[in-house]
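Based on these hints, arrange chain B on the given structure of chain A.
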Amino acid sequence: MTTKTNTISFVLDGRLVELSFAGSSTLTPTTTVLNFLRSLPHHRGVKEGCAEGDCGACTVALGELGERGEMKYRAFDSCLLFLPMLHGKQLITVENLRAPSGELHPVQRAMVDEHGSQCGFCTPGIMMTLFALYKSGGKPSRMDIADALAGNLCRCTGYRPILDAAEKVCHGDGQDHFVGTEANIAAMLKSISRASISVSTRGQRYDQPSTLEECLALLNEAPGAIVINGASDIALRVTKKFEPLSHIIDCSRIKELEVVRDDGKVLSIGAGIRLTDVMKIVRQDFPALHGMLEVFGAQQIRNTATLGGNIGTASPIGDTLPVVIAYGGSIVLQSSKGKRTVSADSFVTGYRKTERRPEELITAIELPRPSPKSHIHAYKISKRRDLDISTLSGTFRLDLDDAGTISDVLLVYGGMADRTRRATSAEKFLKGQLWSRAVVEEAQRHIDNDFAPISDVRGSAEFRRIAARNLLLKFWFETIDRG
Amino acid sequence: MTKHIPHESAELHVSGEALYVDDISASPDLLVGRVVYSPHARARIISFDLTEAKQVPGVAAILSARDIPGHNQMGPVVKDEPCLASEEVTFVGQAIFLIAAETDAQCRAAEKKIKISFEPLEPILTLDDAMARNNLLGPPRTMSRGDADSALQKSVHVIEGELRTGAAEHWYLETQSSLSIPGEGEEMMLYSSSQNPSETQALVAEVLGVQKKDVVVEVRRMGGGFGGKETQGNHVACWSALLAHATRRPVKIRLFRDDDMIMTGKRHRFLVRYKVGFDDNGKLEALKVELNSDAGAATDLSFAIMERAMLHCDNAYVVPHMHVVARVWKTNLPSNTAFRGFGGPQAIATMEHIIDRIARTLHRDPAEIRQKNFYGLTNNNVTHYGQRVEENRLHTMFEQLVKSSDYAERRRAIRAFNASNEFFKKGIALTPVKFGISFTTTFLNQAGALVNIYNDGTVLVNHGGTEMGQGLHTKIRQIAARELGVSLDRIRVNATNTSKVPNTSPTAASTGTDVNGMAVRNAIGTLKERIAESISSMFNEEKKSPTTNAVDIRFERDEIFDSKHPARRLAFADAMRMMVMRQVSLSATGYYRTPGIGWDKIKGHGTPFRYFAFGMAVSEVLVDVLTGAVTLLRTDILHDAGDSVNPAIDIGQIEGGYIQGVGWCTTEEIKWDAAGNLMTHSPDTYKIPTSKDIPLDFRVSLLKNATNPNAIHGSKTVAEPPLMLGISTWLAIKDAISAVTDHNVEPEFSLPATNEVVLLSIEKLKCHTATKASPHTIA
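For the record, the sequence lines run as chains A and B.
Residue 89 in the working numbering sits at position 89 of the first sequence, and the numbers go up by one each step.
Residue 730 in the working numbering sits at position 730 of the second sequence, and the numbers go up by one each step.
Keep in mind that the hints were calculated from the coordinates and are not lab data.
Virtual Cβ for every residue (Gly too), placed ideally from N, Cα, C.
Misleading hints may appear alongside valid ones.
Stated by the list, open to error - Residues from chain B that face chain A, not an exhaustive set, calculated with beta carbons under 7 Å:
| no. | residue |
| --- | --- |
| 1 | Ser15 |
| 2 | Ala18 |
| 3 | Gly138 |
| 4 | Pro140 |
| 5 | Thr142 |
| 6 | Pro647 |
| 7 | Ala648 |
Stated by the list, open to error - Footprint (simulated), chain B over chain A, 3 or more residues, beta carbon under 8 Å:
| no. | stretch |
| --- | --- |
| 8 | 50-61 |
| 9 | 160-169 |
| 10 | 365-372 |
| 11 | 386-392 |
| 12 | 465-477 |
Next comes chain B alone, as it looks inside the complex:
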């Protein structure tokens, strides 16, 4: 059986037949919902009057915080996010009122008739401002090993600096959407675009003042998630449910793109300060890092995201003495949230930036400095939080990639090109990623499944994971087919539904296939045991000798047989019909909890991760020195997907993740104005990569002979890690800029490296050269 099978919905995708929330045919009673949000970054609500607005024809309901029957709360971890603002608004885009009407135009007409007066208050809109006013969201955290301060004093070389990384918009193609259909009594059925249906269910129950048993959330698929629907898909669900509850009619909300961009959180902006000590060979000796993140107006997942950042400050390198301080700051912007990488990208960009500076300081190739500092295979392989880096593939991958990408020769060619070109410079960078797999909130590492076999021999698999394009259902289908020994066409993976599998974790932290695949396998294991028991007794009832033992029953190629007596066999479908006749239950649940992990959050020590994912990329760019334009010439990626369940899907995830990383590192820039309004609120001004922005030469391969003992069928997740390979592009740009001064001056640099950042950096280098400053000054 080939593993390169297409996405289970591929034919539905290409024919436009795949249903997203907005495509579901609802009854003619359907109402359209609209969210009215704050135009102020911070203000007190003095009064409002909905009388006139409610009289607009077609309007069925307009709700304010007073109309919420349950708790006015939708914070996923900390209860600091009101569902509708009641007394104060804390960011532009915060929901205040909900309107349901027959048409969107009627909603908009009603919105114009709402009277509300505010008393504007002074907002905090930047990290610097939040830090200056000590507006912490919670207490700082630290994580340390050794004695960084005294080690820094002993280091021959010490450099310090800061790095700013930008926010980013998920830009899932399908905006946040939810359809709520009231049932009888307290029942509410939701079709949502959510990565976390169980949490959606919990929050809907909470705002409606009902219980979880009354609320069902179903997710067929999302038109992209990327973390943006891990918690914030809950919001539209709560809003549509409140309107459906109030009107007793189905209500659908699909956010208009600009509203989605204005209302929802982004990737956290970071301001990182660091001080690093190293020896003459570029060996890391000590590192002090101060991580500051912009959480926005509420907690959301900001502390977990910061925790992952703290755990990824090392990226792939041994740092004997390390001290990490992390502070999460509160500002008057939408609450920032999960986004592929979850704090990892900001931390890894920092570490790679540091390595790049060390190399420039020592006039060495950064790849050489990287290799020198990789975690060891047998020693020097414990992270700053105490987890051993096992199955370390960094060295193998480095060797293979340096060779396959022809790194050394291209480095020489680039040097020659740069020496003879004033107005164009090329740059190249190799960066690795080591990414910890598991939720660092340990209890979340669990999954459930419900597998039903029907008496026609077909199988319906339910599990707690959600499909957002990553191919989870395709892989689950493959895993189920392999476990049950049947062909793929017998198996359907059901839409994720909270009434089938309860209390699930979000599909996040790259764990989707790992945990849900195991839960499905466990459910199938239970079924196979039951079936084997019954079939072996059936064979034995025919009084054949020697007897068939249940343990010898095999499930292969749509047949069930006795491996010791292969003539004793049944077609799968026939067997299932018999099982029902023989009163065997063909429905089983499966459960899995990730073993071997344990994490002391207070001490910052332990084994938070089941295993590490590894990837490595070499990117080469051409920079137009006069315009700041960047062309991505070539990218080579080598990624570790273990024994891939589906190489085509994994390569798709790697390429897509990498390009998303390239976007974050280059053209994707979020800007707010001085009043806290999002200026980049549509694709007109927010630029994600197009088909023309991918490398002209793009070579992606999977590491061979790389079985992973820690996940389903020897596989390894792909999901988040490849995003961080985009950092190679960012540092290749820096390498090219740095060529303007023949690598003698550290360029000013931040992330994203837009054409503006590139050009201004080059301009400063030119001025620097003109004034003949000391060659080793660090900007």
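Extracted from the complex, chain A is given alone in its bound form:
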């Protein structure tokens, strides 16, 4: 397939839109969907609350073709979406919710009836989250609803009426005026070229390859390019720091990165799978990872962020790497020259530095299935439970022999050093000991010696030290047989 240059296609307001960057004096490939919409005369319902994916006021829904040609709708923070990410998708805004007759959409009606808006500024974003929830079918529990809404801050209502509205209206059938036009929209989306895209405007280049091969070739040519998938981290360099990113390679359309392989021993998760989908894949057999993902950002972020991206950023407070290490996972790296696998434990080499060579791409994360006897628990400590970044985190793995002594133990911490780090002296001390409170209390002193945490905006060194120690005791408490 030949690469399409400087144009993207998507559906907006029920029409196929072809957007040309070449002809525009204002649009760049890193123009956000939020800013694009607000530049249009009839799409100012979408609001900017923070420009960093932390408030949800800019939430829009994207309709995408599912595997069976059906439409699937998800909520996204439009402040974190670059325009080319719309290619091949339907962009749905709050202006699209009313039926052509002018009648309110069921989620809008419920919100009015339940008194779910006060100042109204967060409301359009909330409507889009509820729209996606409504269209996902099923009858969500109160907790599911609260989870779906955790990415939408409201300062007026205290949320109760919004939860009530959602509970009242989401009853499974997803009936609305979108149903009638779905086949038509799906046909429009199918008509959009699947070819790779390359946009070059005023010193910026944005490549969106459609195959892994093309992507690796691009990386080979331009090893300094910034690789993104959901861009929930990189986008902030544009929206908060106003950096003109010179070259971006967006791998969000590469199908090879969305492959799941499971040979019964090792589960291989494509690096480009959205965390929302990763959660479904790991729910059963990797509950500690599932648990961590439950408190990873909020739904809008999980709908865009990927495992490859989160590990690739190598943040010392990244949520998933400690868990992947505890599962004994590995990172699969690929370049046009070949493929190699690096243990997750040795993947990060320094502050935001990794084993990935500039021409390589993270293509998968491999998780060996743990023995049913292994205990693996993950803990995240943050000021607020949802939509927050770790002050510290701990993921622990424990294997006990039949006599109750520790045959193997891994204590992996985030937020305690310049990178994800294991409490090596505590691990060493614990091996071969009985898993008892006295031993754990002794091990807590070793944890103190393993780390010299810093004080920062998220917490003091003292808090981190105490919490790091306590997490081990918590792990002990949760793993002892209290039968």
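For chain B alone, kept in the frame of chain A given last:
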């Protein structure tokens, strides 16, 4: 007619059709404005050069203090806030230059080209530092009753201590915004996100060097205010107006979230020291309180906020001997400002903290100590500033809430849970709020309205209050419909506009509906008199007997009729058409001033409040002893909204206020670094509650049979008071922490109780237990 009607803009909200300042379609001439602010907490400006910056393509103007045509001043009470810093900067975030350009990117490019040099000076960044250097903003104030010192000497029990309460960011979803459009000559039209359009108008006129008649400010709605736009909405308005004046083009400024958080003031941090005396039963005998607040770099409303704190140190309790000293301190931080509660939360948290300590000292249930000290119904009901607590609902509410929340049984269950759980502790607390309603700056208690009836029978209501989500316009619409006896769909509440109703007070102090509702009622009263006069003569012209008297004319169900002769009636719309034909004016103003209040600020004595609002909450929490994480298990609230004008809106205000209080008490933490830079400058690090942080079980009800004789239609304001119910959550957390030592040791505690504060407090208790210190030591 049901009172549970939705917010008047609800359909516009849910459809994204509601317009906020940034959504207004302006002409293609529109310029974007940007504020360049100080990177230093305190520094002298030595020199600057704008030459290169002005050459950036698209830049229309760059202004400094020298370019201000009027006064370089935007202090609302004391003239100590320059609009643009000229010689010295006094906080990080203080405006120095204004840029207008075609795009935001051009503004930012120009900003980078501005050359400025500073001589940094040593700043004062903490309350402790300000106090050590005696950097008072103004003279201390005192308020007293009886002789606290000698009463304390006689008390069997005396405890003393201090409490620190944190700053908080309003986090209105819509950041500060203003659009200024120059008209002909001196005219300037502003669309602002302001709780105080009249003051915005005054300050814009002042910086432009024009008169108020030349400036019109309109506020359709705000995307949240919470006090943050009572004075500080004026700033962006002044800045956008200066740029519009300089360029003769419309200029819009919408602060970027981080800039908004860095530049604007917060809730005042307080450091409170107290000494309290009480008897063996926990009856309060004497209290000495020293209130210290961090005003930031300028006065803003700091003295009024401190005054309200002084007036709320008692919360709901009789203190026979009381002495309050208040000091407002100046620091090199953005000037702190109004925030829902206005000094009340800090004072009430202090009093509730004190009661909690008394209970722990005496090994009694804090709820019992509270009840024992409530203001009496017939005696012991005068506050320390001399106002009688009338219509006291504390006792009734306590009885009802203790019962409906199953307080006693849950207290027992919690004790049992805590006895058998080492790593999780539960806590529960009941706290009341008694909140004085009226501006303590007495002259502000006034309102105006302008009601126009058109000859098609529709009505446009103008009043001085602003809509920030609280449902004021919805209630005003309901009040107008009821007074005029017409259906709601005939009535529109207009955007608040200074050319319709002049000289208005801010929409603040929880008075919005009370005063504006009355002004609207008075305007409608005037219209009805005129109409009744004309209609009765019209009926009489038909020579019917007996004659119709104007006093018998009724306005009900979209009809106007003679109550004595009900056959004589007209449809409302027909009648209005006739009124115009009969040359009757269908436009009237209304005015209201709150009666019965009087306050001697010097003596600290009088009746500053029209009435008191009451609320009460019981919150139960689960604390993870190993991580400091808090789960809010259940909250029961009983609130007094009088004969609510709109129960759905009032419950929304109660729930929202409570959750905002929970945020202030738990996860919302403001941190500055050692150079005075705000570290928590975005929602990445400043955490307001999400949908997952509300109580798992949340029960809110309104007190029944609670007519309020002192406000419109028997209602009572809701607005600010419920925020202070969040304090129940804070003290429930303290109760849970305290369970670590079986309530024998007073935990170290401050506000907000973040997971860090909780964990460090628990750690100290554990060390305390380990060293086996005396059980009654007070930390």
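Legend entry - chain B over the stretch 365-372 of chain A, status - at least 3 residues with CB closer than 8 Å: violated (count 0)
Legend entry - Interface restraint verdict for Ser15 of chain B against chain A (beta-carbon cut-off 7 Å): OK, holds: Ser15 of chain B within 7 Å of chain A, min 6 Å.
Inset, instruction - Check, residue by residue, whether the stretch 160-169 of chain A contains three or more positions whose beta-carbon lies closer than 8 Å to a beta-carbon of chain B, and give the verdict. - result: holds (count 4)
Inset, instruction - With a cut-off of 7 Å on the beta carbons, see whether Ala18 of chain B makes it to chain A. - result: holds, 5 Å
Legend entry - Per-residue hint verdict: Ala648 of chain B, partner chain A, C-beta under 7 Å: The hint holds - Ala648 of chain B has a Cβ within 7 Å of chain A, the shortest such distance being about 5 Å.
Inset, instruction - Go through the hint on Thr142 of chain B and say holds or violated, using the shortest Cβ distance to chain A against 7 Å. - result: For Thr142 of chain B, the interface hint is violated, since the closest Cβ of chain A sits about 36 Å away, which is over 7 Å.
Inset, instruction - May I ask you to test the interface hint for Gly138 of chain B with respect to chain A, counting a Cβ-Cβ separation under 7 Å as satisfied? - result: violated, 32 Å
Legend entry - Outcome, coverage hint (the stretch 465-477 of chain A, chain B; C-beta under 8 Å; three residues): It holds, with 7 qualifying residues against the three required.
Legend entry - Status of the Pro647 of chain B interface restraint (C-beta, 7 Å, chain A): Not OK, violated: Pro647 of chain B not within 7 Å of chain A, min 10 Å.
Inset, instruction - Confirm or reject the coverage of the stretch 50-61 of chain A by chain B under the rule of 3 or more residues with a beta carbon closer than 8 Å to the chain's beta carbons. - result: Holds, because 6 residues of the stretch 50-61 of chain A bring their Cβ atoms closer than 8 Å to Cβ atoms of chain B.
Legend entry - Within 8 Å of chain B's CB atoms, at least three CB atoms from the stretch 386-392 of chain A: coverage verdict: holds (count 5)
Legend entry - Given hint Pro140 of chain B near chain A, where the shortest CB pair must fall under 7 Å: Since chain A brings no Cβ nearer than about 33 Å to Pro140 of chain B, farther than 7 Å, the hint is violated.
Violated hints for the displayed structure, listed by number in ascending order: 3, 4, 5, 6 and 10.
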